[in-house]
Structure formats: C-alpha cells, structure tokens
Amino acid sequence: MAPRPLSPLVLALGGAAALLGSVLFILWKTYSGRGRERRWDRGEGWWGAEPARLPEWDEWDPEDEEDEEPALEELEQREVLVLGLDGAGKSTFLRVLSGKSPLDGHIPTWGFNSVRLPTRDFEVDLLEIGGSQNLRFYWKEFVNEVDVLVFMVDSADRLRLPWARQELHKLLDKDPDLPVVVVANKQDLSEAMSMVELQQELGLQAVDNQREVFFLGASIAPVGPGSEDPGTVHIWKLLLELLS
538 MAPRPLSPLV LALGGAAALL GSVLFILWKT YSGRGRERRW DRGEGWWGAE
588 PARLPEWDEW DPEDEEDEEP ALEELEQREV LVLGLDGAGK STFLRVLSGK
638 SPLDGHIPTW GFNSVRLPTR DFEVDLLEIG GSQNLRFYWK EFVNEVDVLV
688 FMVDSADRLR LPWARQELHK LLDKDPDLPV VVVANKQDLS EAMSMVELQQ
738 ELGLQAVDNQ REVFFLGASI APVGPGSEDP GTVHIWKLLL ELLS
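For what it's worth, this note's numbering labels the leading residue of the sequence shown as 538, then goes sequentially.
Heads up, a few of these hints could be off.
What the hints assert, rightly or not - Using C-beta positions, here's what the derived DEER-type ranges look like:
| id | residue 1 | residue 2 | range |
| --- | --- | --- | --- |
| 1 | Asp745 | Pro655 | 16 to 26 Å |
| 2 | Gln737 | Phe659 | 17 to 27 Å |
| 3 | Leu696 | Glu660 | 15 to 25 Å |
To be verified - No farther apart than 27 Å at their CA atoms in a straight line, the calculated lysine-lysine pairs in the DSS-like style are these:
| id | residue 1 | residue 2 |
| --- | --- | --- |
| 4 | Lys774 | Lys677 |
| 5 | Lys677 | Lys711 |
| 6 | Lys707 | Lys677 |
| 7 | Lys774 | Lys711 |
| 8 | Lys774 | Lys637 |
If you're looking for bench data, these hints aren't it; they were derived computationally from the structure.
All C-beta atoms in this analysis are idealised placements derived from N, C-alpha and C, irrespective of residue type, glycine included.
Work the whole structure out from these sequences, hints included.
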C-alpha cells in the first residue's frame, strides 16, 4: 500500500511549530543578547556594533562635552533557563521570585515568560519556556545560551515522570558543562513522591559525579506580605552562588 500523503492540516501545524521555535529563539537572543561563549568578552566586535553617526560641523559644541556626565556602568548579565513539563510550577516560580502573585488555576505557558532581577554585582535573566509537548523540541536550542539550567518536576505527577526523566537527560547530554538545578516541586502534596524515590526515578544517581547537578525539594507557593517562601529562597541563593 502506498503511503498516504500528509494532510494540509498536518503540514500547516508542522510549519506553525517550526515558526514558533524560530520566533522563540530570536526573541530570546534579542532579549538576552549574550551567550556563555561571550562571558569573558564583554566588548562588542565590529560585527555587532551599530555604525556611529558623526555630528555635523554646525551641530558640534565643545561645551556639550564638558557638561556631559559619565555613563553609569552597565551590570553584567547572567542567564538562567527554567524548563520542565507543563504544570511543574515554572511560571509560579518566576512570579514568586519577582514578587507577583501566581495566576489562578493551571494556565500552561504558550511561548515563554521572562524575569530580570538585579543583584549587587549583576543582573539575572530568567527565561521560562512552555513545557507542552510541541515546545519541548526547542528546549535544546537554548541550553548553550545560558549559565544555569533549572529543571522543575511535579513531585505528584507519577504518570508523566518517565517523560520528565527523558527530557531532563536529553538536556544533560546536550551540554555536559552546564550546571543543573533539579527542583522537585509540590513536596507539600499528600501524593508527592519522596526525594529518594524521585532521585531514583529521574536517574540522577547515574549522573557523572564530576558534573554540577543539584537536587532540591520545594513547595513553591505565594506567601503573605513581608514573608518569603523558604523553597524559593533556597533555590535563589543556590543560583546566586552558581552565577557568582
């Protein structure tokens, strides 16, 4: 029997998925503008510089240069990629970090979310990419552009844990030098798996001992004014240590 040709709908969906991946990558590159391969070279080369506009003779005034104040020093940037299956709590993590209350109900991220948080020595850009099946294909395109990967797992989602393990190990294989923080979220739920069980099911014991992989339990949730979620604080402190 001859193979059936792909329907127009399938072709259209495939094209839309490819376009979405390209748009996500372009937006992230535009947003961050720096990859790890450029960490030690903060200067822009001629290929990335905009041509300077020389002033016309009648526009130049020597007094303007005397009164001009020195520009403030730009803080260095660090990039953190936040991944995980949909429903793991990635968006809630970003919103709690930025001091915002989470959205009501489970609303999957359809695209990406980003947060920029300043510290004393540098700025941290956190990028979350949606965890639905059609977006996971593009995760690997961003791994080499960041300094740390945070992979979030729903501790109570036993059914999809093999998928989470598969996606995690794909990312681990993509960049062996990238520090990875695996967060077992929703540990407060009665049906949550224990940390020991999750470590085994995720295959973390098989990871090379020389690699920087950290495994943390958390119950990321909003807290009242003036309070801090201890799980989020613990993850944030570890990220600052890895990025410093």
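inquiry  = Quick check on a hinted range of 17 to 27 Å for Gln737 and Phe659, using CB atoms only.
reply    = violated (36 Å)
task = Compare the distance between the alpha carbons of Lys707 and Lys677 with 27 Å, and conclude whether the hinted pair is satisfied.
result = holds (8 Å)
query = Between Lys774 and Lys677, is the straight-line Cα distance small enough, at 27 Å or below?
reply = Within the cut-off at roughly 26 Å; holds.
ask   = Okay, Asp745 versus Pro655 on CB: inside 16 to 26 Å?
value = violated (34 Å)
inquiry  = Does Lys711 sit within 27 Å of Lys677, going by the straight-line distance between their CA atoms?
reply    = Holds. Lys677 to Lys711 sits at ~7 Å (cutoff 27 Å).
ask   = Are Leu696 and Glu660 spaced within 15 to 25 Å by their CB atoms?
value = violated (38 Å)
query = Taken at face value, is the distance from the CA of Lys637 to the CA of Lys774 at most 27 Å?
reply = holds (19 Å)
message = Can you confirm whether the C-alpha distance between Lys774 and Lys711 stays at or below 27 Å?
response = holds (25 Å)
This entry does not satisfy hints 1, 2, 3, going by the numbered hints stated previously.
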